[in-house]
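Asker: Sequence:
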Amino acid sequence: MEQRILGKTGRNVSIVGLGTWQLGADWGNVDPAQAQAILAASAEAGVTFFDTADVYGDGRSEQAIGKFLADNPGLGITVATKMGRRMEQRPENYNLANFRQWVDRSRKNLGTDTLDLVQLHCPPTPVYSNNEVYDALDTLVSEGAIKNYGVSVERTDEALEAIRHDGTASVQIILNAFRLKPLDEVLPAAKAAGVGIIARVPLASGLLSGKYSKDTTFAENDHRNYNRKGEAFDVGETFSGVDYELGLKAVAEFEQLVPEGATTAQAAIAWIAAQDGVSTVIPGARNVEQARSNAAAAAVNTGKEFDDGVRWIYDHYFREAVHPRW
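First residue of the sequence shown: 1, per UniProt numbering; consecutive thereafter.
Just so you know, the hints here were simulated from the structure itself, not pulled from any lab data.
Source: prediction; values computed, not measured.
All C-beta atoms, glycine included, are put in the ideal place defined by N, C-alpha and C.
One or more hints might be untrue.
[Unchecked claim] In silico lysine to aspartate or glutamate, EDC-like type, Cα no more than 20 angstroms apart, as pairs:
#	residue 1	residue 2
1	K191	D276
2	K181	D243
3	K211	E253
4	K181	E154
5	K304	D276
6	K214	E245
7	K229	E320
8	K147	E92
9	K67	D113
[Said to hold, decoys possible] Cβ pair distances, simulated, as ranges:
#	residue 1	residue 2	range
10	E132	D58	25 to 33 angstroms
11	T217	E185	36 to 44 angstroms
12	E255	K108	42 to 50 angstroms
13	E143	A40	26 to 34 angstroms
14	R311	L96	38 to 46 angstroms
15	P259	E143	42 to 50 angstroms
16	D166	K249	26 to 34 angstroms
17	G261	W312	21 to 29 angstroms
18	E88	R311	34 to 42 angstroms
19	N221	G76	32 to 40 angstroms
Using the sequences and the hints given, assemble the complete structure.
Answerer: Written out as structure tokens, the structure reads:
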């Protein structure tokens, strides 16, 4: 699989990575053996980038990755985790003492002395402009607890602020066919600053898989059920913040663009990977088949006609509601 440099980390990562929120059972129940099989299938397909967080399944996602890497050493996989959502979301909680506590927990879960990449996990907006936060992160690097740090953001203005800080190695942001605003300023700014872009929620929580209908139901503990209107966290994390019924109509249009031989999900992932400045795209997978299919998206080509179609769909269905908000 094609590899790209992940910003200031200097590390080569696969253009299609693996998001592991699902492995923490926040999308319904996940069997530990199934989690190991998903990680193995991804690695076998050429994936060299796993993204996780300390709150995914209260650490179960990190622990699953730690077990996999311990059982399969030498694969050259970069692991990015995230921190900050274990406490009440107040800017003052983003401090060195808490960072040390959170990082130590992740190091234990992942079975490593030094974390490859730690990202602030969508903190309150003022955190991104607080120089003391970046000083604390620099301290963790100098102490050898982490190799690099980055941020995960909800909004483009947060990304642009983080990019201005020299130590920021990467920005993780929602980018998909239903969320195009990062293309305007964030990707060009990141490229100019040498900051990597990790594209998350590439399938709009599965909407762009083309497998859902108005009759689809989701488990009680699946955020696509309990957070559809932003009841638990930012609604942009669930279906990219678009209305589910409207999203289904847009998917029907999107499916008309899909190249022959590719699935809807593969085309959605491939289009993101083709955007200038994107380092890696991190779809999740609930089973081995999804993991393999997602990785195969790296070989799918999308062209100008496809790109034009995506932009028309966005302008027609989502720009008015989505563009000003995120």
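Asker: If a hint holds in the structure, say so; if it doesn't, say that too.
Answerer: Checked hints:
1. For the suggested pair K191 and D276, the alpha carbons sit about 8 angstroms apart, so the restraint of at most 20 angstroms is met.
2. With a CA separation close to 17 angstroms, the supplied pair K181 and D243 stays within the 20 angstroms bound.
3. Between the alpha carbons of K211 and E253 the distance comes to roughly 14 angstroms, so the proposed pair stays at or under 20 angstroms and holds.
4. Of the supplied pair hints, the one linking K181 and E154 holds, its CA atoms being roughly 12 angstroms apart against a limit of 20 angstroms.
5. Proposed proximity of K304 and D276 is supported: the alpha carbons are some 13 angstroms apart, at most 20 angstroms.
6. Among the hinted pairs, K214 with E245 is consistent with the structure: their alpha-carbon atoms are about 7 angstroms apart, no more than 20 angstroms.
7. In summary, the hint linking K229 to E320 is supported, as the alpha carbons are separated by about 18 angstroms, within the 20 angstroms threshold.
8. A C-alpha spacing of about 24 angstroms is found between K147 and E92, which places the hinted pair above 20 angstroms, so the restraint is violated.
9. Taken as a hint, the K67 and D113 pair is honoured in the structure, with Cα atoms around 15 angstroms apart against an allowance of 20 angstroms.
10. Restraint check, E132 to D58: a C-beta distance of roughly 28 angstroms satisfies the suggested window 25 to 33 angstroms.
11. Remark: the range hint 36 to 44 angstroms for T217 to E185 is upheld by a beta-carbon distance near 38 angstroms.
12. Between E255 and K108 the beta carbon distance is about 44 angstroms. The supplied range of 42 to 50 angstroms therefore holds.
13. For the hinted restraint 26 to 34 angstroms between E143 and A40, the CB-CB distance of approximately 33 angstroms keeps it satisfied.
14. Between R311 and L96, the C-beta spacing of about 43 angstroms keeps the proposed range 38 to 46 angstroms intact.
15. For the pair P259 and E143, the supplied restraint of 42 to 50 angstroms holds, since their beta-carbon distance comes to about 48 angstroms.
16. Restraint check, D166 to K249: a C-beta distance of roughly 44 angstroms breaks the suggested window 26 to 34 angstroms.
17. G261 and W312 have their C-beta atoms about 23 angstroms apart, which keeps the hinted 21 to 29 angstroms range intact.
18. Our hint of 34 to 42 angstroms for E88 and R311 holds, since their Cβ atoms are close to 39 angstroms apart.
19. Taking the beta carbon of each, N221 and G76 are about 34 angstroms apart, inside 32 to 40 angstroms as hinted.
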